[in-house]
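Model the full assembly from the supplied sequences, consistent with the hints where possible.
From first to last, the protein sequence lines are chains A and B.
If you use the working numbering, the first sequence corresponds to residues 1282 to 1536, in order.
If you use the working numbering, the second sequence corresponds to residues 11 to 365, in order.
Check before you lean on any hint, since a few could be wrong.
[What the hints assert, rightly or not] Partner residues are not named here, just some residues of chain A that face chain B (Cβ under 7 angstroms, in silico):
(1) P1373
(2) L1452
(3) K1469
[Unchecked claim] Examples of chain A residues toward chain B, derived with CB under 8 angstroms:
(4) T1315
(5) R1318
(6) E1322
(7) Q1330
(8) T1333
(9) N1350
(10) F1372
Treat the hints as calculated values from the structure; they're not laboratory data.
In this text, a Cβ means the ideal position worked out from N, Cα and C, and glycines have one as well.
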Amino acid sequence: MSENLIKPENLVYKKTDAMTDRVLHYCPGCGHGTAHRILAEVIDEMGIQNETIGVAPVGCSVLAYYYFNVDMQEAAHGRAPAVATGIKRVFPEKYVFTYQGDGDLAAIGTAETLHACNRGENILIVFINNGIYGMTGGQMAPTTLAGMKSSTSPFGRDIKTMGSPLKMTELVAQLPGTYFVTRQAVHKPGNVRKTKRAIKKAMEYQKLNKGTCFVEIVSNCPSNWKMTPVQSNKWMEENMFPYYPLGDIKVPEEK
Amino acid sequence: MKELRLMKGNEALAEAAIRAGADAYFGYPITPQSEVIEYLMANRPEDRTGMVVLQAESEIAAINMVYGAAGCGKKAITTSSSPGISLKQEGLSYIAGAELPCVVANVVRGGPGLGTIQPSQSDYFQSVKGGGHGDYKLIVLAPNSVQEIVDFTRLAFELAFKYRNPVMIQSDGIIGQMMEKVELFEQIPRVEPDYDWATLGRKNGKPATFITSLQLQAEEQEKVNLRLQAKYREVEKNEVRYETYKCDDAEYLLTAFGSCARITRKAMEMARDKGYKVGLLRPQTLYPFPVDAFNKLAEQVKGILSVEMNAGQMIEDVKLAVNGKTKVEHFGRFGGMIPSPDEILNALEQKIIGG
Ligand SMILES: Cc1ncc(C[n+]2csc(CCOP(=O)(O)OP(=O)(O)O)c2C)c(N)n1
Ligand code: SF4
Ligand SMILES: [Mg+2]
Chain A
1282 MSENLIKPEN LVYKKTDAMT DRVLHYCPGC GHGTAHRILA EVIDEMGIQN ETIGVAPVGC
1342 SVLAYYYFNV DMQEAAHGRA PAVATGIKRV FPEKYVFTYQ GDGDLAAIGT AETLHACNRG
1402 ENILIVFINN GIYGMTGGQM APTTLAGMKS STSPFGRDIK TMGSPLKMTE LVAQLPGTYF
1462 VTRQAVHKPG NVRKTKRAIK KAMEYQKLNK GTCFVEIVSN CPSNWKMTPV QSNKWMEENM
1522 FPYYPLGDIK VPEEK
Chain B
11 MKELRLMKGN EALAEAAIRA GADAYFGYPI TPQSEVIEYL MANRPEDRTG MVVLQAESEI
71 AAINMVYGAA GCGKKAITTS SSPGISLKQE GLSYIAGAEL PCVVANVVRG GPGLGTIQPS
131 QSDYFQSVKG GGHGDYKLIV LAPNSVQEIV DFTRLAFELA FKYRNPVMIQ SDGIIGQMME
191 KVELFEQIPR VEPDYDWATL GRKNGKPATF ITSLQLQAEE QEKVNLRLQA KYREVEKNEV
251 RYETYKCDDA EYLLTAFGSC ARITRKAMEM ARDKGYKVGL LRPQTLYPFP VDAFNKLAEQ
311 VKGILSVEMN AGQMIEDVKL AVNGKTKVEH FGRFGGMIPS PDEILNALEQ KIIGG
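Below is the structure:
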């Protein structure tokens, strides 16, 4: 109705159709909401709402199926790439994506992630790396930075006993099964635009059946990092980006 | 047209899955059931029916691939043996919670731990009493021949979709490995799923569909549990299957399932030759359990011997069913050992007839 009042040339913001009207449960300033939104926009712009099946993880985004207005399945913790494999193998013509946190994808689901990528499943994996277990209250993740405090590394991550932060994205880029691997962020408008372009490319590549597309989004968790949203973004730029540098890691060769 | 073949149980299971119109098989090798995936890979079901076959990186991955395919309304199956079935319990719990249809076969071997590759029935509790977390049930079919492997594979898919529930075929190393004559049913065509609960891609104008086993509110989770329980009562009402042999005049009852029931039947005949009036009740469904049949026979017989290739698992359900009306004893060999008819007859004489 209101749309009729606004001339197309004056329209600056429109709710994307690929998201429902549910109120997001994410904390203020959390990157999850932005990441949802741009993935939904891509689905909307490509007009593939009816051909997309998503897989939600266990983590803060466990309820992603409430927010994406596409058919979704909720997987057990870490199993999303296996669930997505099951979906894609029986529906090869559908667009299939998983949306997973770092605990889900890089700890409990490491095997499922590596093997889905190694088989080159023609799916999109969106990987939200916030360096922490958000949902369960801020425990150490495989991606938690050296020295970074969490509720299970209260004196900071000691890499001698707790291992080093895992660069899952660099790892999967090594596998012949991956086609497009990139690391992005969503904390600034410029990064949002880049991430959206990356997700769009990844979705489009899915039609080529050339292998897994993997988009990491380095993100924040203001609640468990115990910072304001603004502080968390600054901390992320200063501490996360040097270890997890943004940019494409594996791009398809130009023909 | 009927087709007769001489087949191993595991191969027959694979062939029956193709013919039942299965859309997808996901599995991981383990003795004594690797022939299932080997047969499928060699028989190119993708060319015969379009069925997908994939060797997963683990049993955990395999059952979650089944979850994904089943969530799309497709007929999905996985098979394994005991240690691998343990790994599938998480997935089975999620599948039961999300009310998805699927078929899982356990070609049971002896445990605990890595145990032995020899046949066993020691996973009865795991199959029948839950295995994974939460209040859920698998429908559990217990074939005792290669023929029943074939018939139950087809039946398993029917029941899975009728109740939107995982169905377990509880085979064992004997049935999986032995060769028998088997009559195969004709190819059932694969069907394009059209269920409102499945993720098929959103239909224009309709709200999106989602598959989940999560309820954040206790009130909502209780509703799910009540719905599941109501479904299980329906299953108990409609799907009990069992066979009886010579029970009409029986004074003593033997009971056994699967391969063990064949040996026990021989023991029953030997007992009859000796002049004892012995019958045999063979549950074909372990869940739902033939409670009424046991209950009725309990009024007639002086005792029941539950013969199992385990340390005494089904006997608990027999005792619950007869509710103290008659004596119930157990005889078992385990760890991969198979009881002989003589041993069973001896146990019957010692524990039931003489005891
Ligand atoms: C098998 C299993 N183990 C543990 C948990 C508890 N758990 C839920 S979410 C989670 C970690 C989530 O962290 P991450 O994947 O990084 O997602 P985030 O919340 O940070 O977005 C854990 C350990 C679970 N649900 N299931
Ligand atoms: S806990 Fe962290 S990751 Fe989860 S919604 Fe809040 S800010 Fe986001
Ligand atoms: Mg996280």
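Against the structure, the hints come out as follows:
Contact between P1373 (chain A) and chain B, as hinted, is not supported at the beta carbon level, the nearest pair being about 9 angstroms apart and thus beyond 7 angstroms. Checking L1452 (chain A) against chain B by beta carbon gives a least distance of about 15 angstroms; that is not within 7 angstroms, so the hint is violated. With a least beta-carbon distance of about 31 angstroms to chain B, the hint placing K1469 (chain A) at the interface is violated under the 7 angstroms criterion. With a cut of 8 angstroms, the hint placing T1315 (chain A) at the interface with chain B is violated, because the nearest CB-to-CB distance is about 21 angstroms.
About 16 angstroms separates the beta-carbon of R1318 (chain A) from the nearest beta-carbon of chain B, more than 8 angstroms, and the hint is not met. A least Cβ separation of about 16 angstroms between E1322 (chain A) and chain B goes past the 8 angstroms threshold, and the interface hint is therefore violated. With a least beta-carbon distance of about 6 angstroms to chain B, the hint placing Q1330 (chain A) at the interface is held under the 8 angstroms criterion. For T1333 (chain A), the shortest C-beta to C-beta distance to chain B is roughly 7 angstroms, which falls under 8 angstroms, so the interface hint holds.
With a cut of 8 angstroms, the hint placing N1350 (chain A) at the interface with chain B holds, because the nearest CB-to-CB distance is about 5 angstroms. Annotation: interface hint on F1372 (chain A) holds; nearest CB of chain B at approximately 6 angstroms, less than 8 angstroms.
Violation of the numbered hints given earlier is confined to hints 1, 2, 3, 4, 5, 6; the remaining hints are satisfied by the structure.
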